[in-house]
Amino acid sequence: MTTNIAMPMTRVAPVRSRPHPVLRAPFGHGVMIILSLICLLPVYWMIVSSLRPANALLDGAFWPSTITLENYSYALRAIPIGSMLVNTVIVSVAVTAFQLLTGLLAAYAFVRYRFAFDKLIYALMAVTWLTPLQVVMIPNYLLVARLGMLDSLTALILPHFASALAVMLFTQSMRTFPKEVLEAARMDGAGGWRILWEVIVPNLQGMIASLTILIFISTWNEYFWPLLLSRTPANSVIQIGIQMFMTAEGTEWGPLMAASTMASLPILIFYVLLQRQVVQSFMKSGIR
Amino acid sequence: MAHLNLSGLKKSYDGKQVVHGIDMEILEGEFIVIVGPSGCGKSTLLRMIAGLEDISGGELLIDGQCMNDVEPSQRGCAMVFQNYALYPHMTVRQNIGYPLKVARIPKADIQRRVEAVAATLALTDYLDRRPAQLSGGQRQRVAMGRAIVREPGVFLFDEPLSNLDAKLRVDMRIEIRRLHRRLKATSIFVTHDQVEAMTLADRLIVMNGGRIAQIGTPAEVYARPASTFVASFMGAPAMNLFEAATLNERCVKLKNCEDWVTEAGFRLPPAGHGVTVGIRPEDVAISLNGKGLAARIELIEELGGSRVAYCSRGALACAAMLPRDIDFSEDQTVFLNFPASAIHLFDQEGARFQEDKSNNDGNSAQADKSFYTGVKDALAVMTGTE
Chain A
1 MTTNIAMPMT
11 RVAPVRSRPH
21 PVLRAPFGHG
31 VMIILSLICL
41 LPVYWMIVSS
51 LRPANALLDG
61 AFWPSTITLE
71 NYSYALRAIP
81 IGSMLVNTVI
91 VSVAVTAFQL
101 LTGLLAAYAF
111 VRYRFAFDKL
121 IYALMAVTWL
131 TPLQVVMIPN
141 YLLVARLGML
151 DSLTALILPH
161 FASALAVMLF
171 TQSMRTFPKE
181 VLEAARMDGA
191 GGWRILWEVI
201 VPNLQGMIAS
211 LTILIFISTW
221 NEYFWPLLLS
231 RTPANSVIQI
241 GIQMFMTAEG
251 TEWGPLMAAS
261 TMASLPILIF
271 YVLLQRQVVQ
281 SFMKSGIR
Chain B
1 MAHLNLSGLK
11 KSYDGKQVVH
21 GIDMEILEGE
31 FIVIVGPSGC
41 GKSTLLRMIA
51 GLEDISGGEL
61 LIDGQCMNDV
71 EPSQRGCAMV
81 FQNYALYPHM
91 TVRQNIGYPL
101 KVARIPKADI
111 QRRVEAVAAT
121 LALTDYLDRR
131 PAQLSGGQRQ
141 RVAMGRAIVR
151 EPGVFLFDEP
161 LSNLDAKLRV
171 DMRIEIRRLH
181 RRLKATSIFV
191 THDQVEAMTL
201 ADRLIVMNGG
211 RIAQIGTPAE
221 VYARPASTFV
231 ASFMGAPAMN
241 LFEAATLNER
251 CVKLKNCEDW
261 VTEAGFRLPP
271 AGHGVTVGIR
281 PEDVAISLNG
291 KGLAARIELI
301 EELGGSRVAY
311 CSRGALACAA
321 MLPRDIDFSE
331 DQTVFLNFPA
341 SAIHLFDQEG
351 ARFQEDKSNN
361 DGNSAQADKS
371 FYTGVKDALA
381 VMTGTE
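Chains A and B, in that order, give the protein sequences.
The numbering of the first sequence is the working numbering, which starts it at 1 and goes up by one.
The numbering of the second sequence is the working numbering, which starts it at 1 and goes up by one.
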C-alpha cells in the first residue's frame with residue numbers, strides 16, 4: 001500500500017530580476033531610435049517639402065517623386081535671406097555674449113560679496129525669469145519706441161542684455177566652486193577681477209558652453225519680439241523673413257520650407273560638427 | 001623669517017565670540033603647532049593671521065607692523081590648505097608660478113624659481129601635469145611649492161596632512177620638518193593630530209574652546225599638562241584621570257577606591273577638597289602579583305610596538321601599557337602601582353596643582369618609592385617609619 005503524502009505547496013514569490021543584458025541593450029536602443037525618429041520627422045518633412053515642386057506639395061508622399069530647387073531660388077529672390085541671416089547672426093552672437101558677460105559678473109557679485117538686500121535682489125531677478133514675455137512686451141516696446149530704436153538691430157539686442165537664467169545657473173556653479181581655491185588665489189595676491197577671469201571662468205567651461213548653446217539657439221529662434229519691432233527686411237532677422245511667406249492670400253509653403261531650411265542650416269551644421277562637445281558640456285554642467 | 005605678536009586677538013560671528021583674546025609671541029624661524037579638538041578655534045586663528053578672516057578685536061603684529069587691516073597677499077604669509085586648493089585648470093608649473101605671475105615677476109625668473117622649487121620637492125617630472133593627474137602626496141607637495149616659491153616670512157599650514165593616508169602622512173611630516181630646517185621660515189601649523197603636533201613643533205599651543213589651554217615645548221606639554229583637558233588630549237592612549245579627595249595637605253585618596261592613598265608631592269588644599277589624579281598609561285606599573293590595586297584586565301589592545309590593557313576595578317577604569325616580557329590575558333587579575341613621581345594632580349576646575357618642589361627635592365627617593373600603597377604603608381612613608 002502506498003501512501004500519498006500531500007506535500008504543502010509553498011508559493012515562492014517570483015524574484016523580480018532585471019532583463020538579461022543581451023535583451024536590455026536592444027530594447028533601450030529601440031526606444032531611443034523611435035524617439036529620435038519622432039524628433040527628426042519634422043526636420044525631414046521641412047527639407048523634403050522644400051524640394052517638392054509647387055503642385056506636389058500636399059501629395060503626402062514620404063519621398064518626393066520629383067526634386068526641384070525652385071523653392072530655394074524663389075525664396076532667395078523674394079526676401080534678402082543673406083542679409084537677414086547676417087542680422088540673425090549679429091543679434092544671436094551679441095545677445096549670447098552680453099548674457100554670458102552680465103551673467104558671470106552678476107553671479108560673481110552675488111556669490112562673493114554681501115551687500116544690502118542681496119537676497120531680495122536675487123529673488124526679484126529670479127522672478128523676472130518666471131515673467132512671460134507677454135507681460136513685459138508692451139512696456140519694453142514703449143521704451144524702445146521712445147528711445148527711437150524701432151526697426152533696428154540694437155532694439156533686438158538691448159532687452160536681452162541680461163538673462164536671469166544665466167545669472168542663476170552661474171550663481172549655482174560658483175557656489176559649488178571650492179572656497180579654498182578662491183582663498184588660495186587671494187593669498188597669492190589675485191584681486192577680485194583676476195580671480196573671476198583667471199580662476200573661476202576657466203573652471204566653468206562646461207556651464208559656459210551649455211549656456212552659449214542655449215542662449216544662441218533661443219535667440220536664433222526668437223520670433224515674437226523681432227516681429228513687433230522690425231519694419232523693413234533690411235533690419236529683420238530670418239524668422240521674420242520666413243513669416244513673410246504667410247500672406248493674406250495664403251501661405252507659400254514651398255518657399256517657406258526652403259527659407260526655414262536655410263534658417264536652420266547654420267544651427268544644424270553647428271550641432272552636427274560639435275555634437276560631442278555639446279553633449280559633454282551639458283553633462284559637465286549638469287543641465288539635462 | 002618673520003616675528004609675530006598676537007595681542008588679545010578675538011573673533012566673533014554675529015556677536016558670538018569664538019576666539020577669546022589670544023596673547024602670544026612667535027619668534028623668528030620658530031615652528032609653532034596649534035593643536036586642539038574640532039571647533040576649538042585653531043583654524044579660525046590661523047585664518048585671522050592669514051587675513052582670510054577679519055579680526056574682531058586685538059592686534060596682530062608681523063615684524064612689528066599692525067596687520068589687522070592688511071590684505072592677505074601683503075602680509076608676507078603663504079598658506080597650505082587642507083584640500084590642497086590647487087587651480088584645477090593649471091599645470092603644476094602654472095600652479096607653482098601663479099603667485100609670481102600675479103606679482104608681475106619676469107617670465108624667466110618665474111621659470112627659474114619654479115624649477116628650483118620643483119627640484120626641491122621632487123616635482124620636476126610632473127611640471128606639465130594637471131592636479132587631477134597627481135596623487136594626494138604629489139598634490140600636497142605642489143601646494144607646498146606654491147607657498148615656498150613666494151619666499152614668504154611666515155608659512156601657514158591648515159591641517160595639510162589630514163587628507164593623506166597614514167604612511168604618506170609620516171613621509172610628508174618628515175618632509176615638512178626637513179624643509180623647515182632648510183628654509184628656517186617661521187611656520188604655524190594647525191592640526192588635530194597630536195602625533196603631528198608632538199613631532200613637528202618647536203612649541204605647541206594647545207587650544208580649547210577658543211582659548212589657549214597651554215603653550216610649551218612638546219616635552220613640557222606632555223610631561224606637565226596644565227589642565228585635565230591638555231592631559232587627556234595629548235597622549236594616546238589618553239592619561240588616566242581619577243576623581244579623588246585630599247586626605248591632608250600632602251595626601252589624596254581615590255573616590256572609588258576608599259582604602260588607597262598616595263603621597264602626591266604637590267601643594268594641596270586642606271583635607272576634603274575634590275581633586276583629579278592623573279597618570280599616563282606608560283607610567284602605570286602592572287604586575288601579576290604583589291602589592292597594588294587589584295584590577296581585572298577587560299581588554300588588551302595590540303598596537304604592534306606595544307600593548308595596552310584596559311583594566312577595571314568597580315567604577316574605576318585604568319589603561320596601562322603592558323611589559324613585553326610577561327604574558328597577560330584578558331579577564332586576568334593584575335596589580336596596578338602608580339609611582340608617585342609620575343602622578344599629576346589637578347584641582348576641581350581641572351587646573352594643575354603646582355608641584356611641591358621642596359618636598360620633591362628633599363624626598364625624591366622617597367617619593368619614587370611611595371607607590372600606590374595601602375593606608376598603613378602610605379602613612380608609614382609620610383611619617384618616615386617605613
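Hint data in this document are derived by calculation from the structure and do not stem from the laboratory.
One should not assume that every hint holds.
[Claimed, not checked] Restraint-style ranges between C-beta atoms, simulated for each label pair:
#	chain 1	residue 1	chain 2	residue 2	range
1	A	I269	B	I105	56 to 66 Å
2	A	P26	B	A132	50 to 60 Å
3	A	T154	B	S12	49 to 59 Å
4	A	L35	B	R112	54 to 64 Å
5	B	K10	A	Q277	46 to 56 Å
6	A	Q275	B	A132	56 to 66 Å
7	A	Q172	B	Q354	56 to 66 Å
Beta carbons are placed, not taken as given, at the ideal position from N, Cα and C, and that holds for glycine.
Q: If any of the earlier hints don't hold here, list their numbers in rising order.
A: 1, 2 and 6
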